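What follows is each chain in one-letter form.
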Amino acid sequence: MPLPGLTIIGESINDSVPSTKKLFDANDIAGLLELAKSQDEGGAGYIDVNVGPRSPEFMAEMVKKIQSVTAKPLSIDSPDYNIIKAGLEAYDLARAGGKKPILNSISALRSKMFDLYAIQPFMPILLVSENVVNGQSQPCRTAEETYAAAKSIVGEFRTRCPGVKNSDYIIDPGIAPLGSDSEGNIHRLLASMKLIRADADFAGFHASVGLSNFTVMLPPKRADGSPVKGPLESAFLTLAMPLGLDMVIGSVKRKYEKLTPDHPAMACLNACLKLEGFDVLMRVREFYA
Amino acid sequence: MSDPAELYNAILTGNAKKAEEVTKAAIAANADPGELVQKYMIPAMDEVGRRFECNEYFVPELLIAARAMKTALELITPHLMASGAEPMGRVVIGTVQGDLHDIGKNLVASMLEGGGFQVVDLGVDVPAEKFVEAAKEKDGTILALSALLTTTMTMMKNVIDALEKAGVRSRVKVMIGGAPITQQYANEIGADGFSDNASAAVAVARKLVAN
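Protein chains in written order, with the numbering used here: chain F, 1 to 289; chain A, 1 to 211.
Keep in mind that the hints were calculated from the coordinates and are not lab data. Wrong hints could be hidden among the right ones.
Now the in silico label distances, taken between C-beta atoms and shown as ranges [to be verified]:
1. A:Glu-56 / F:Gly-163: 55 to 61 Å
2. F:Pro-53 / A:Gly-190: 15 to 21 Å
3. F:Gly-5 / A:Glu-86: 28 to 34 Å
4. A:Thr-77 / F:Glu-144: 45 to 51 Å
5. A:Thr-77 / F:Arg-197: 45 to 51 Å
As the structure is a computational prediction, the values presented were derived from the model and not from experiment. We put the beta carbon where it would ideally sit given N, CA and C, even for glycine.
Excised from the complex, chain F in its bound form (with noise of 0.2 Å):
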């Protein structure tokens, strides 16, 4: 069961993942509403649908067809406008028990989307890790650049969509993999959430991320056969969630929990937030090898 406190928008029918574009492109509908079912089992709060490069009316289809399974509110998924667009479309409210869907995601160059809301209201995740310079997306490097592209996607969508109460926004401010951050990006991230949490402007919002995005690329078990990704996910739950992060993209699979200081993944995340550059992953490194 998801930690108390967490909301999780559940990633598993999405085309990115291998096991479910083989689902897609078999056209296995029964395997995808098996997906839905499962993750809604599995304590999801939301169910988000990404259909890839498939057309508008493809995922107007899963839409209603997930919806036949399951009562659970759903995060419509993609890049493109026409997907959202029929995504929200098909969406039934009262199916939902009168939740909004989720409309994951929304950046800066994406704004054009805010004009969906006329269509069907729904909760936009609003992508804060890149802002626009000189009409130029660029991905923030330091929190205050964070922090000031809430404040203007926020500003944007408030003009546009007036009315929205404070309780339906959520913002992502953009987790990156910890096994190749020689950046900061984790710095950035944490601090980025300080900022936003301090800022009566944002009262209520929630925050989300792409949880599994932090682990990617790292092996699955430690040298001692011991597991390395859910440990370290939860080891940034621990920090984040009171920094205000109570929604996630992720896996209804993984055993999500506080860490205390003392464990292995908390040690070397603790550790990772102290140093710079190369050193955080090396330190990475001496976690799982």
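Given chain F, put chain A in place with the hints provided.
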């Protein structure tokens, strides 16, 4: 005095300090810079690649080894140039327009540098025209295009079209990669090479240079 052969292990284990020390000593002892690269450094990175592909090494090891390689290469390059040696080839790399995801691109760039290529990194969100300009600068350049999103991968085709339009397509090779990219897609858009990981990208680039 340290043995130049130690350079192999220093790179393989990602010990940048040791790599620096051994390289400096070898240069001071008038070792042949080309031989250092060919005999120890490139084989070390090849072994790193092999271990990565059979899941003995993971991304941290890859990055740490690439840094050790880079440390040694930076010391050796001036001597290589002085001896008239050429890099393996020139690669101009970037994520295509609209795509800001640079982790994979950075990994490939590190591995290519480690593999003896001169790498020009154009960064993220690179418009097609920039790749065309880079193509014009030197014949035989390899353009390495990266995309993470299904929506931005289509920009790869735009780059190839822009190269055709500028009349420089035949002067360069184009290789592509990124999560949604497949060999089939590379064939569809007329790219010359495709790799699904950073280590194999080096082999692809070598093949493109050889052809």
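Comparing the hints with the structure gives:
| no. | hint | result |
| --- | --- | --- |
| 1 | A:Glu-56 / F:Gly-163: 55 to 61 Å | holds (56 Å) |
| 2 | F:Pro-53 / A:Gly-190: 15 to 21 Å | holds (19 Å) |
| 3 | F:Gly-5 / A:Glu-86: 28 to 34 Å | violated (59 Å) |
| 4 | A:Thr-77 / F:Glu-144: 45 to 51 Å | violated (37 Å) |
| 5 | A:Thr-77 / F:Arg-197: 45 to 51 Å | holds (47 Å) |
When the structure is compared with the earlier hints, violations turn up for hints 3, 4 and for no others.
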